[in-house]
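Given the coordinates of chain L, assemble chain C onto it according to the supplied hints.
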Amino acid sequence: MSIEWYLVVSAMIFCIGAGGVLTRRSPLVTLLCLELMLNAGNLALIAFSRMWGNAEGQVFAIIVMVVAACEVCVGLGVIVAMYRRRLPIDVDDMRELHG
Amino acid sequence: MTTAAWLVLAFPLAGTVIIGLGFKLWPGRTAGWIGTLAILASFVCAVITFLELQDRDEHHKQATSTLFDYADTVGVDAKLTILVDPLSVLMMLVVTGVSTLIHLYSVTYMTGDRGFSRYFAYLNFFVFSMLLLVLSGNFVPLIIGWAFVGAASYLLISFWYRRRTATTAGVKAFVINVVGDIGLMLGAYFVLREFGTLDFLGVFEQAGAAPVNTANLVAGMILILVGAFAKSAQMPFHTWLADAMEGPTPVSSLIHAATMVTAGVYLIARMWPLFEVTPAAANVAAIVGAVTLFVAATIALTQTDIKRVIAYSTMSQIGYMIMAVGAGAYAAGMFHFMTHAFFKALLFMAAGSVIGAMAGIQDMDRMGGFRKAMPFTFITMLVGGLALSGIPPFSGFFSKDEILAYTAQRGGWFWILVVAGYAAAFLTAVYTFRMIFRVFGGEPVPEARELEQGHLHHAEVHVNPTDGEVEDTDVGFPGPEHFIAERAFPMKIAMGTLALLATIAGALQIPEVTHAIDSFLHPTFEGSKYYESLAPSESFTFIGMAVGAVIGLSGIFLAWQLWSRHRGVTAGLITRLKPLYALSHNKWYFDEIIDALFVRPAAWVGRFAQQTFERLVVNGALVGGASLIVRAGSAAVRAAQSGLLRSYAALLLLGVGGVALYFLLQS
Numbered sequence: 001m002s003i004e005w006y007l008v009v010s011a012m013i014f015c016i017g018a019g020g021v022l023t024r025r026s027p028l029v030t031l032l033c034l035e036l037m038l039n040a041g042n043l044a045l046i047a048f049s050r051m052w053g054n055a056e057g058q059v060f061a062i063i064v065m066v067v068a069a070c071e072v073c074v075g076l077g078v079i080v081a082m083y084r085r086r087l088p089i090d091v092d093d094m095r096e097l098h099g
Numbered sequence: 001m002t003t004a005a006w007l008v009l010a011f012p013l014a015g016t017v018i019i020g021l022g023f024k025l026w027p028g029r030t031a032g033w034i035g036t037l038a039i040l041a042s043f044v045c046a047v048i049t050f051l052e053l054q055d056r057d058e059h060h061k062q063a064t065s066t067l068f069d070y071a072d073t074v075g076v077d078a079k080l081t082i083l084v085d086p087l088s089v090l091m092m093l094v095v096t097g098v099s100t101l102i103h104l105y106s107v108t109y110m111t112g113d114r115g116f117s118r119y120f121a122y123l124n125f126f127v128f129s130m131l132l133l134v135l136s137g138n139f140v141p142l143i144i145g146w147a148f149v150g151a152a153s154y155l156l157i158s159f160w161y162r163r164r165t166a167t168t169a170g171v172k173a174f175v176i177n178v179v180g181d182i183g184l185m186l187g188a189y190f191v192l193r194e195f196g197t198l199d200f201l202g203v204f205e206q207a208g209a210a211p212v213n214t215a216n217l218v219a220g221m222i223l224i225l226v227g228a229f230a231k232s233a234q235m236p237f238h239t240w241l242a243d244a245m246e247g248p249t250p251v252s253s254l255i256h257a258a259t260m261v262t263a264g265v266y267l268i269a270r271m272w273p274l275f276e277v278t279p280a281a282a283n284v285a286a287i288v289g290a291v292t293l294f295v296a297a298t299i300a301l302t303q304t305d306i307k308r309v310i311a312y313s314t315m316s317q318i319g320y321m322i323m324a325v326g327a328g329a330y331a332a333g334m335f336h337f338m339t340h341a342f343f344k345a346l347l348f349m350a351a352g353s354v355i356g357a358m359a360g361i362q363d364m365d366r367m368g369g370f371r372k373a374m375p376f377t378f379i380t381m382l383v384g385g386l387a388l389s390g391i392p393p394f395s396g397f398f399s400k401d402e403i404l405a406y407t408a409q410r411g412g413w414f415w416i417l418v419v420a421g422y423a424a425a426f427l428t429a430v431y432t433f434r435m436i437f438r439v440f441g442g443e444p445v446p447e448a449r450e451l452e453q454g455h456l457h458h459a460e461v462h463v464n465p466t467d468g469e470v471e472d473t474d475v476g477f478p479g480p481e482h483f484i485a486e487r488a489f490p491m492k493i494a495m496g497t498l499a500l501l502a503t504i505a506g507a508l509q510i511p512e513v514t515h516a517i518d519s520f521l522h523p524t525f526e527g528s529k530y531y532e533s534l535a536p537s538e539s540f541t542f543i544g545m546a547v548g549a550v551i552g553l554s555g556i557f558l559a560w561q562l563w564s565r566h567r568g569v570t571a572g573l574i575t576r577l578k579p580l581y582a583l584s585h586n587k588w589y590f591d592e593i594i595d596a597l598f599v600r601p602a603a604w605v606g607r608f609a610q611q612t613f614e615r616l617v618v619n620g621a622l623v624g625g626a627s628l629i630v631r632a633g634s635a636a637v638r639a640a641q642s643g644l645l646r647s648y649a650a651l652l653l654l655g656v657g658g659v660a661l662y663f664l665l666q667s
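Chains L and C supply the protein sequences, listed in that same order.
Here the first sequence is numbered in this note's numbering, starting from 1 and rising by one per residue.
Here the second sequence is numbered in this note's numbering, starting from 1 and rising by one per residue.
Quick caveat, the hints were computed from the structure, so don't treat them as lab data.
Everything numeric in this text was worked out from a predicted model, so none of it was measured.
Glycine included, every Cβ here is placed at the ideal spot set by N, Cα and C.
Just to be clear, a hint being listed does not mean it is correct.
To be verified - If you anchor each label on the Cβ, the simulated ranges turn out as follows: (1) R638(C) - A69(L): 34 to 40 Å; (2) W52(L) - R631(C): 50 to 56 Å; (3) A69(L) - V656(C): 47 to 53 Å; (4) G53(L) - F663(C): 55 to 61 Å; (5) V618(C) - L32(L): 29 to 35 Å; (6) L97(L) - N619(C): 34 to 40 Å.
The shape of chain L in the complex, shown without the other chains (with noise of 0.2 Å):
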């Protein structure tokens, strides 16, 4: 198969991610858009390693698995954090730091 059908399907799950994240108004889903977004990233890095033939794309998809994972860890904390104070889950309320 050729590569542009990887590179599509990555485009599309980003897209689906990035337009997530513009337009839901929870964080719990915001992060999960994010996810999609930095698995699509992963997608296409292991294709293009495949096509290459050499491992450091896989390496590097690796790294940004620890990367969201550790980014969800502390999403997810001040998800909670927010909840327990009850605070409202709703990013566009949450505008303390406006200029």
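Relative to chain L, chain C alone:
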């Protein structure tokens, strides 16, 4: 040899630092003794330098030493260099010697003043600056010393800083001196441009080969003359000196009579190779000196403040010196500088003693009859007065007549200057003895009677002698005690030494008999056009001396007639010669003219700048405009910081997308 010369500089500086740092710790008169010893040590080192210089042979009487380079780059060689040669050694000896005596006098005179330590710190600082000025072998340390003495003069004129008249007098002296500083600095720039070096010896070496009267060099030398005139109180920069009498009397004696005001004379004598290739500038100096010596003598005739009479006399005598060095009679000018330092310092000290007896009053209208009460002061003032009037065999006689004889040798229009000099010599004798007869002759005033009975007058209420304002005796005003030479041993030593010197110093240079100054200064002025060619013949010299003596004696006779024999006749003269009297009494209206021409326009410009320009342009346009721009810019940036996570994400995507698109289209 230069080691001793550096020590001459080091001692007063150390004195300033020690007295200044511990000014609250020194008990009683300690600070005064520290200051006096520092200057005495400096004088000893000056004598050592002099002896070492005398050991050298005739053609090697010049030594330079550089402590460090400020800047030694292309075209500029600013170095801390001292030049030790006969001229600087003569200045050094007179400055340190007279300063030692005046410090000694001050130790008593300033006792009881709350600013005693501060006074001696300032006074040592002045001596250091003056020595830096006379020793420097490079234009840069010269300018530094020049500005330092101006600063020291300002500090000491305004020493009693709670007196309004004293602070304004200090400001006036400082402003006029800064005008002179700027003149000197620009003049040094012209010299640097012309010769490519700031080193004195380097400049003088090239000056001999320079073409005569080139426009640039004449302009530079006139600018240097502005500096000399401002420092030496010559027309039209002379008005500050009379006001400078607001300072304590020993300060007037040291700074405003014996040393600092003669810096201009020294400068012209030091720059002789430059002035000899710019005769136009040298002639300006001679003419200004002659005008000043005459005008100042006429003003001194009608002043009633005893210190101001001596101040105008100082201007007049410095006019003689400036005329001499401008006309090429360098040795005569320096000789008169030396004798003048002795007798003028003495006159001020005697005046200080009289002021002490009057408990701070300086008005001669209220003095009289002190002869019996203060015999020592009377004798010293008489010696000073005779020397000032040029009566043989006192020192002033020889030096003044030498100046006039040498100037006359130039011939042509220099004769006009000589006639002015003789006329002023007559006036000098008149005003000097007017002062002496009014203070010491006639009926004793109550203060004198009190003193005759052994009780020194003590003022219940102290007033400012200039405007009569009532003062206390705390710091910033003169202290409560007063001292007269009769009762203070240090004052007596200082005045006695100076009286002796004022009497015998003339023996150094009696025409046709001795020529110590001439031969001592010869190495400095070697190669000068005038130094050797100006040699009055024997008969000419003796005729000049006879004329000088007769003029001096007739002046004293006139003063005796007017102020001793026929007391009160002057009131009639004043009404008959009203316009002349008014001209002289108002100092030829110089203060008013300068006020109208410079002070008031400057004050108006200042008010305009403060009230209109600052409010509209500085506050309104510059400050307001700048803050308006910043505020508008920050408001725009702040608006972007919405705090909305999704809009940030959108902007990020847009940005990254834009960059990606750009690179795609590029490739």
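Hints versus structure:
1. Remark: the range hint 34 to 40 Å for R638(C) to A69(L) is upheld by a beta-carbon distance near 36 Å.
2. At roughly 55 Å, the beta-carbon separation of W52(L) and R631(C) lies within the given 50 to 56 Å, and the hint holds.
3. Hint check: A69(L) to V656(C), Cβ distance near 23 Å, so the stated range 47 to 53 Å is violated.
4. Between G53(L) and F663(C) the beta carbon distance is about 26 Å. The supplied range of 55 to 61 Å is therefore violated.
5. Hint check: V618(C) to L32(L), Cβ distance near 60 Å, so the stated range 29 to 35 Å is violated.
6. At about 36 Å, the beta-carbon gap between L97(L) and N619(C) stays in the expected band of 34 to 40 Å.
Checked against the numbered hints above, the structure breaks hints 3, 4 and 5 and satisfies the rest.
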